[in-house]
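**Student:** Okay, here's what each chain looks like letter by letter:
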Amino acid sequence: MKKQGSHSNPAPVLPALPEPLKDLKIKYTKIFINNEWHDSVSGKKFEVFNPANEEKICEVAEGDKADIDKAVKAARKAFELGSPWRTMDASERGRLLNKLADLVERDRLTLATMEAIDGGKLFSTAYLMDLGACIKTIRYCAGWADKIHGRTVPMDGNFFTFTRHEPVGVCGQIIPWNFPLVMFIWKIAPALCCGNTVVVKPAEQTPLSALYMGSLIKEAGFPPGVVNIVPGFGPTAGAAISHHMDIDKVSFTGSTEVGKLIKEAAGKTNLKRVTLELGGKSPNIIFADADLDEAVEFAHVGLFYHQGQCCIAGSRIFVEEPIYDEFVRRSIERAKKYTLGDPLSPGVQQGPQIDKEQFQKILDLIESGKKEGAKLECGGGPWGNKGYFIQPTVFSNVTDDMRIAKEEIFGPVQQIMKFKTIDEVIKRANNTTYGLAAAVFTKDIDKALTFAAALQAGTVWVNCYSALSAQCPFGGFKMSGNGRELGEYGLQEYTEVKTVTIKIPQKNS
Amino acid sequence: MKWCSPIFINNEWHDSVSGKKFEVFNPANEEKICEVAEGDKADIDKAVKAARKAFELGSPWRTMDASERGRLLNKLADLVERDRLTLATMEAIDGGKLFSTAYLMDLGACIKTIRYCAGWADKIHGRTVPMDGNFFTFTRHEPVGVCGQIIPWNFPLVMFIWKIAPALCCGNTVVVKPAEQTPLSALYMGSLIKEAGFPPGVVNIVPGFGPTAGAAISHHMDIDKVSFTGSTEVGKLIKEAAGKTNLKRVTLELGGKSPNIIFADADLDEAVEFAHVGLFYHQGQCCIAGSRIFVEEPIYDEFVRRSIERAKKYTLGDPLSPGVQQGPQIDKEQFQKILDLIESGKKEGAKLECGGGPWGNKGYFIQPTVFSNVTDDMRIAKEEIFGPVQQIMKFKTIDEVIKRANNTTYGLAAAVFTKDIDKALTFAAALQAGTVWVNCYSALSAQCPFGGFKMSGNGRELGEYGLQEYTEVKTVTIKIPQKNS
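Protein chains in written order, with the numbering used here: chain A, 1069 to 1577; chain B, 1106 to 1590.
Just so you know, the hints here were simulated from the structure itself, not pulled from any lab data.
It is possible that part of the hints are untrue.
To be verified - Listed next, the in silico EDC-like pairs over lysine to aspartate or glutamate satisfying Cα-Cα at most 16 Å (straight line):
#, chain 1, residue 1, chain 2, residue 2
1, A, Lys1571, B, Asp1525
2, B, Lys1154, B, Asp1327
3, A, Lys1328, B, Glu1345
4, A, Lys1336, B, Glu1345
5, B, Lys1341, A, Glu1332
6, A, Lys1336, A, Asp1314
7, A, Lys1424, A, Glu1122
8, B, Lys1508, A, Glu1148
9, A, Lys1571, B, Glu1375
All chains should be built: construct the whole structure from the sequences, respecting the hints.
**Tutor:** What follows is the structure, encoded as structure tokens:
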């Protein structure tokens, strides 16, 4: 049997990579409500920066509670019984989503350039991977729109009983900065395919691609008020969403710390439904019988992808003792092959961290690794004189009690630990309040299936890492989250089930 | 009759760590029935440890065939059937529930619900997923883990079963806190659970109070999920606590102020009867009580007349006595709250048609009460009364009554009485409630998902949907050399 593609994406043929747009004009910097562009109620704006050079890109309207209130009103109106959105065929919702995917494909170069500049993301990655995932995810959800099936239920008694899978209502969606456009799509596509209306708050570091999407949403033909986009900050606009008395559901991707505040606020206010995709400290377990080259490569990309700024980063690598030294040696060699620089330049393999706060936090954790006695194998500090760049860093001889083994770093810092037995590594892998992802590398079927069951994580990979796709439900065990996104399961999060029971004269099966 | 009074952990009976006990009363005569061990945080901690151990990989419970979980549940149903009389008598004495209702309805529902869930145990299907790329991907529907379950006092045994049966069928372990007013049937179930053969630690039962044992559950760092049935006020505290502590998953079944809409083309006799039972069942102490009855103007007066006549047909008294149709409210707190709301109805200008005050000199009895000419701004039209107090309002048009019916933060249930198919299906869609009845009320069964829109709850119980609440989905993606469809 032939192998297809490379490890990191064995999917079908990728498009050819163009050059990034020069002189990208940022056209959309205002708040998007009812398919119109608004200044913030306060008139305030905030600055958006390029993390590769710390220069200002533009200013964007700063939304606060008053703007969220306006957006919610618009979303509520668009959700009213009898509205264009509520009375639309489900298949038409699917058609609109497919149209949106067409427009994203048309403007792929613009959006990819924007993601690279705003988010410090390698242009090649943004164009091939992020935009690819966006288009596929929108189309996947488009296909579900008219396949959201309620049930008929064989209830006791003379009744005809069925369930309606109704949209939940007005959904507040808070987007992170690490995959701005992908996460925007992960939020709106399932919500819209189920018939909800949304109020989206993109991250303050990376609002631009979300606002651009506003223009495409309008162009695609979504009715006014169905999608509303309010850029702003967490403690103001974000908190306005989590506390809002007329938002039916909040969906958040970000840190566990903020996720807790959001669930607490939902309980304090109106019991809005809550989906959370939070942090991780995912274990990657490598057995001696694994294909070592593949394991090293997957472990490397599984940590260093997008400068380590992934919730699923495989940040605790447990290597079986016999192959430990060789694994470390190859990992160091792999980590040293990096060219850092401007994400738009071809040949650059690593961009900057997103902002100063993250930059400082990562450096602080690197210092803790040194202080607490891990062995610094390469990297270990900042790079360059402009932008938030950190050298790819590898620590070996990491023990479980070190900060770098326990806390989410969200940077290009790889931890490699040693283990002896299966029972030991299962315990150590699960010894965390996180539970987002995990992986095991082994050719032995018994080991593979034992770990598939034993690892307390929402996604478990075998002989690979980071393999995600719109068909797969994604989410966290324990404090890595509540609920699942994408796949068929993701629809449940955007559905409110109503049971209708009609009395009939006599039932027959 | 045996009364079980201690705490049930690991299939054994324990005193509370503090040694404290609390009294359990018969609301029909205010007399003490017995004392029960009072569980607090320390007892919840013990129970959670036991439940966690029983949930460990490799444990008897985790390595058991799913079909065997189903067999154990069916065995439990057999034992409940065997001890039906004991349990029904207990519910009547402890909960002020009519014995006939407890025996026929409550126990019937318990047995059916356990058997329904037993049947699901080995039919909990994960999926294989056609993922992009050369992967074999499947999902496991794992049990969530250790589930804290807080039970109300209005249907003590039924609610106990609604909580443990789906949880157990999915492979979870549980720590149950029955209501402090009604702990007895739950504790009795402990003995049946042990007799049926459930491994130690799978079910643990800790009687106690909300602010102590209940809060210990909602705040516990090693409980994976909390499931609560009770007031919206407490439900909010629980969700808040879950967010503050460990993001435990939360299912809530809360209060309601459910609208019951009667059109002129309805079968009037049926509508009156369903509306009556839909409110007065179990002394009005039902989350689904149809406590806002909207009657179309042309039939309003006649509907009110028949409703009053129907409400006057009651014999109040000891729930154990045959011929008694209404028992007491559960305790003094509820009793006072209901009387207070009745007074507000009088003060705010509703027309008191019958009843309107307490009954008898012992026990928490309230006369069946009917208010007509109720308007939407009155307290009795907005607040959940949880007592034998019926509100009847008038309406003119469809659009008007849809708006008024939905004008509440609650959304548990609703009903419409009409023979017209267009009206029926319009209301089925328009009413913001987790369950909508057409030409009936209170029709529930284990096959039907049940739960609230808006602030009446989060999530659904029973039916196939209820399994989702007790399942944690894991996606497993295995790299393969070459996929084929």
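**Student:** Hint by hint, say whether it matches the structure.
**Tutor:** Checked hints:
no., hint, verdict
1, Lys1571(A) / Asp1525(B), "holds (13 Å)"
2, Lys1154(B) / Asp1327(B), "holds (9 Å)"
3, Lys1328(A) / Glu1345(B), "holds (9 Å)"
4, Lys1336(A) / Glu1345(B), "holds (6 Å)"
5, Lys1341(B) / Glu1332(A), "holds (9 Å)"
6, Lys1336(A) / Asp1314(A), "holds (13 Å)"
7, Lys1424(A) / Glu1122(A), "holds (9 Å)"
8, Lys1508(B) / Glu1148(A), "holds (11 Å)"
9, Lys1571(A) / Glu1375(B), "holds (11 Å)"
The structure is consistent with each of the numbered hints, conforming to all of them.
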